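Order-wise, the sequence lines are chains A and B.
Under the numbering used here, the first residue of the first sequence carries the number 1, and numbering increases by one thereafter.
Under the numbering used here, the first residue of the second sequence carries the number 1, and numbering increases by one thereafter.
Simulated from the structure, these hints should not be mistaken for laboratory data.
None of these values were measured; they are calculated from a predicted model.
Some hints here could point you the wrong way.
[As the list claims (entries may be wrong)] Here are the computed lysine-lysine pairs in the BS3-like style, where the Cα-Cα straight-line distance is at most 25 Å: (1) Lys128(B) x Lys76(A); (2) Lys128(B) x Lys73(A); (3) Lys161(B) x Lys177(B).
[Said to hold, decoys possible] Anything over 10 Å on all C-beta distances counts as not near chain B; from chain A, calculated: (4) Gln24; (5) Arg30; (6) Thr257; (7) Gly266; (8) Gly287; (9) Pro290; (10) Arg304.
From the three backbone atoms N, C-alpha and C, an ideal C-beta is built for every residue, glycine too.
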Amino acid sequence: MAPMQMDSSIKADAPVVLDVHDLQVCFPTREGIVTALDGLSMQVSPGEIIGLVGESGCGKTTAALSFMRLVPKPGKITAGQILIEGQDILKLGPSEMRTLRGPSVAMIFQDALTALDPRMPVGRQIMEPLQIHQHLSSRAARARAIELLASVGIPAPEKRFSQFSHEFSGGMRQRAMIALALSCSPRLLLADEPTTALDVTVQRQIMSLIKRMRDETDAAIILITHDVGVVAEMCDQVIVMYAGSAVETGPTRTVFTRPTHPYTIGLLSSTLELTRDRSLPLNAIPGLPPELIHLPSGCVFAPRCPRVGDACREARPVLEPVESGHQVSCWRWKEG
Amino acid sequence: MDNSTLAPVDASSMWRTEKARSFWDDVFYHFRHNWMGMAGLVVFILLCLTAIFADKLAPYDYLNQDWNAILKQPSAAHIMGTDDIGRDVFSRILMGGRTALMVASCITVAGAIIGLLVGSFGAFIGGKVDAALVWVVDGLMSFPNIWLAAFINVATTPTLKAWAASLYTVTHWGFLKDEVLISYGVVVFSIGMVNWAWPARLVRSQVLSLREREFVEAVRALGGTAWWITLRHLIPNVLGSMIVLVTLSFGNAMLFESSLSFLGIGIRPPGASWGAMIFQGIARVRTHPYLVLAPGITLAIVMLSLQFLGDALNDALNPRNRNA
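Here chain A stands alone, though its shape is the one from the complex (with noise of 0.2 Å):
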């Protein structure tokens, strides 16, 4: 594996940026009320990069979306509290939640293909943020577009100014992406699995573009990806999740070293490694996600538990210290 870039440059006392208590978004559908996310808290610091881990449809999205309050409809968040920068964004009223939404807290989308407009040239949808929040002329929001466009490593940027997403490679648009969701400063960026999408070296080169935009700007990044890979190498705090809670949140190298939940065990010692001997089959977790609608009573994980318990069953486990800032969700951890 990749070193491992550790920067406990966090200090206690640094103003947070984002601040969950207790966050939790419900579905309600035919069937019954689906939780998607139940009781997540967060902190995250200027200059961190936050990594959210889990497998599909565990609420990393809903989570970023929650922060921007864009939980897609009929979705609502129904509990919790949730601060930018001291801010309680669930008090606001919709426009005054609009202001906030590019200069305090932005997105990196998954599929820059889709999340841009076919129909309106690359450079005009930069300017649009600018033109909204700075209320630049079209002439200033235009040279700031293309400074941002050279400033994520688009060559030519006054000619990929005037250019459409589909003339644009995959790498280069997700520079476009970061380049629109940075042009405002946000205080706070998500990045909803940024290189989902792209193949492996550009996914390198935008990751340390987000890197380095990081270092640049100070921003506080929250990186959503099922990809440990990318975590251990980006991130100075990890929350794994599972089933819409935090299970093991705590600094990437501890947790990583000294893994104490079943599941993140589970999702560690099923990554890939070249020197992994090939006669042996993948290591996986049995089982699949409970749906979110039939949630078990006790730990949600009992069900794909090795090491569950009848105490596992009964209640469900709270985050406990391990050790300085790791967490662990799990009733038997101490037996590991």
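The hints should help you fit chain B onto chain A, whose structure is shown.
Below, chain B alone, put in the same frame as chain A:
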């Protein structure tokens, strides 16, 4: 393999940078190669030109009653003959084209704009607003159109006339007393009130599918309001199918105007309208068939050409509709 015998490769031709064909280049390419569509376009352009220059092209004044030439069969002097009060039919056909074009343009443009705004806004806002708008559109579409337009026409004519009269007392604009011009306004209003339902429904369904696309979410995530997204992202994306619909509904509007005039509630005489001309000629269709045939065939040709044009545009704009 021995390459020494091959001529040196001209790098400039090999690396020739060709401009990538855009969506619209592709559309124009396919449209140009559809001869029916091109024919429709030519006829439509001819119609526009004759309508614009109708008063210059017409051999006679379309209102002039020549008592020495009543009900004359087509001849060199009157190539489409004359009607029962001695007016030159050809001149009236030309002016009727101007009427039809003017009325149809007003109706189509107004319908397209109202439809675009109502359809996209309703679909985007959703909820009760959308439900109410759908209810109105469905209501409009469930009536026979001509019946509804005739009803609106008859019901609103006195009111509109009264408004024009009271406006005249303030402004003294001469055109407010022009009965024919007011009848134009009434026709545009009554057909326009009915006709926006089609574009509204089309736009709504298009926007409903577009707004699920991620780029709309992305604009919203950067602080775009519903109006911003509608005007700058949704409408440009809907424009392709709108062009087709507008072409087809243009023909419909012309037919509509003729129908109302045929029923005697459209363009008031002495204003020239193809529908009114057919109606006036129908009593003498046995002895003077040209009175009906001239406007009838003209109307049919124009309608057909617009249909061809609309079909060709539809094929060009929707790659999936193209037959190999």
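Does the structure keep Lys161(B) and Lys177(B) at a Cα separation of 25 Å or less? 9 Å, holds
If we take the beta carbon of Arg30(A), is the closest beta carbon in chain B still more than 10 Å away? Answer for Arg30(A): holds, closest chain B Cβ roughly 18 Å.
Is the nearest Cβ of chain B still more than 10 Å from the Cβ of Gln24(A)? Given that every Cβ of chain B is farther than 10 Å from that of Gln24(A), nearest at about 22 Å, it holds.
Beyond 10 Å from every chain B Cβ - status for Pro290(A): The claim stands: Pro290(A) keeps its Cβ more than 10 Å from every Cβ of chain B (closest is about 27 Å).
Please work out if Lys128(B) and Lys73(A) have their alpha carbons no farther apart than 25 Å. 15 Å, holds
For the pair we were handed, Lys128(B) and Lys76(A), check the Cα-Cα distance against 25 Å. 19 Å, holds
Distance rule for Gly287(A), whose beta carbon must clear each one in chain B by more than 10 Å: Nearest chain B Cβ is 31 Å from Gly287(A), so the label holds.
Find the nearest Cβ of chain B to the Cβ of Arg304(A) and say whether that gap is larger than 10 Å. The assertion about Arg304(A) holds, with a minimum of 32 Å to chain B.
Should the label of Thr257(A) as a non-interface residue stand, given a Cβ cut-off of 10 Å to chain B? 36 Å, holds
Gly266(A): least C-beta distance to chain B exceeds 10 Å? For Gly266(A), whose nearest Cβ neighbour in chain B is about 31 Å away, the distance exceeds 10 Å, so it holds.
Hint compliance for this structure: every hint is met.
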